[in-house]
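Trainee: Residue-level listing of the chains:
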Amino acid sequence: MSTRSVRLSACRLVVLLVPLLLAGTASQGAPENFNLGSYGLPSVVARGGKPLMCTVTYLVEDDATNETYAARMQFEPSPDPTVGQNGRMRCPGMMPPSVGEAALNGCRSHAAKAADCVFADMKKQFPAAPSVDNTSASGSRCSSDQATEIAIACASSGGQEVCNVGCGEEPDTAVKAARQLCEATHGKTCNITGWVPVEAP
Amino acid sequence: MRRMMESPGVGSSRGNMGTGLQWLVRIALAAGLSSAAGAASAAQPVAVTKPILVLPALQWNDTASTWKYAVLPNAGQIKALLGGLRFGMTPEEVGQHLPERSSALHWDDLPNAKEYAQDVRYVWLPMQAADSLTGPIQSCYGDSSSVYLLFFNQALFRISWRFLPDGKCPDVTDAAEDLYAALVPIVPAIVISARYAVGSAQVVDMTAPNAGPLISVRWRGQGR
Chain A
1 MSTRSVRLSA CRLVVLLVPL LLAGTASQGA PENFNLGSYG LPSVVARGGK
51 PLMCTVTYLV EDDATNETYA ARMQFEPSPD PTVGQNGRMR CPGMMPPSVG
101 EAALNGCRSH AAKAADCVFA DMKKQFPAAP SVDNTSASGS RCSSDQATEI
151 AIACASSGGQ EVCNVGCGEE PDTAVKAARQ LCEATHGKTC NITGWVPVEA
201 P
Chain B
1001 MRRMMESPGV GSSRGNMGTG LQWLVRIALA AGLSSAAGAA SAAQPVAVTK
1051 PILVLPALQW NDTASTWKYA VLPNAGQIKA LLGGLRFGMT PEEVGQHLPE
1101 RSSALHWDDL PNAKEYAQDV RYVWLPMQAA DSLTGPIQSC YGDSSSVYLL
1151 FFNQALFRIS WRFLPDGKCP DVTDAAEDLY AALVPIVPAI VISARYAVGS
1201 AQVVDMTAPN AGPLISVRWR GQGR
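Keeping their order, the protein sequence lines are chains A and B.
Mapping of the first sequence onto our numbering: position 154 corresponds to residue 154, and the numbering continues sequentially without gaps.
Mapping of the second sequence onto our numbering: position 157 corresponds to residue 1157, and the numbering continues sequentially without gaps.
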């Protein structure tokens, strides 16, 4: 192979790789939005050489005590347990309302009143009308086929916290997504933050 | 367990300034701007870590119509949290697990817990003397903190940890969170747990799931 053809091949390789490298950088820096499905490719997924089952984790909040609970929901691998999407087990495309309700019930078993438990992703109207109707079940969950971490970011408003939820491949990206959403939604500095892995350790 | 952290602010970058600029800053501070700088520093947002308590995971079937608990705690974990006690024990049986008590426990001798409408009685012990019931607690609590063992129909149905602050430990929130975080992952069919504040005190209750209407009753901070 001549020097010229080697150079040509190298140039072609660079041309092919540059968009991929730039795409990777962009996905690291940009906030990830679960609902839009804008995640990059997932990273590690298997333990013991076998893909893990799908876990969908909800964050729910006891509005009276400002206690945050993570409710992990695991789903049987189906139909073929050895095959996943991008190495991860697929999660159900649609989540029945009963799953979100079960997450709320997890909080309710610790709360003084059932009405105190709400989804942790709160709409703009929540401070004026704090009820589960002004929270989002779909915005309060992250699924293991698309994210590794789930985070919450809150602002304190007269003793009551208003919060939003974010998903990400790293704790920092999940917290950043939650914080950006919280500050955009509620117009306050959302510097009260926390995160947990989507899957059980 | 809310850990406050000063956000990296002006102070951390000041070391990169040139020598001349450093002197200008020092002169400005000496000229009386120090109070303004202090106010600006105090206005920096303080990052607070919010604890997230993990509920027991649910395992759903492939149509997401029914679920079961993914993992049940083993008997050893429960025994460790209950310090060898079991719900349903009589006062006499509980007394055998409290070696620091010099006299036996009898239902008729126990005082009445006034926050309940029912005839609920209790025995209490200082938290510092309740080693077997304080395993998960790593943070400080005041000397007057105590553990209450509550009985209904001569059966133990609730253990109530009451964390009180004092001069040495002015905030007992972390201690209550330490304990509560260990109780929340236990399925409510085995133990029902709750945490709440009564003034500056923090309370963590661990209640038998078959306690019915007694479950929702909370301490109101009245006398022992």
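In case anyone wonders, no lab produced these hints; they're calculated from the structure.
Hints are supplied without guarantee of correctness; some may be wrong.
So, partial list: chain A residues that the calculated Cβ filter (under 10 Å) puts toward chain B [stated by the list, open to error]:
id: 1; residue: 67
id: 2; residue: 151
id: 3; residue: 156
id: 4; residue: 160
id: 5; residue: 161
id: 6; residue: 181
Cβ coordinates follow ideal geometry from the N, Cα and C atoms, glycine included.
Trainee: With chain B as the partner, please determine if residue 181/A meets the hint condition of a C-beta pair closer than 10 Å.
Mentor: Not OK, violated: residue 181/A not within 10 Å of chain B, min 15 Å.
Trainee: Hey, does the residue 156/A contact hint survive, CB to chain B under 10 Å?
Mentor: For residue 156/A, the interface hint holds, since the closest Cβ of chain B sits about 8 Å away, which is under 10 Å.
Trainee: Less than 10 Å between beta-carbons is the criterion; does residue 67/A satisfy it with respect to chain B?
Mentor: holds, 6 Å
Trainee: Verify the interface restraint on residue 160/A: the C-beta must sit less than 10 Å from at least one C-beta of chain B.
Mentor: violated, 14 Å
Trainee: Classify the hint on residue 151/A as holds or violated, based on whether any CB of chain B lies nearer than 10 Å to its CB.
Mentor: Since the shortest Cβ distance to chain B is 9 Å, the answer is holds.
Trainee: Tell me if the interface restraint on residue 161/A is satisfied: Cβ within less than 10 Å of some Cβ in chain B.
Mentor: holds, 8 Å
Checked against the numbered hints given earlier, the structure breaks hints 4 and 6 and satisfies all the rest.
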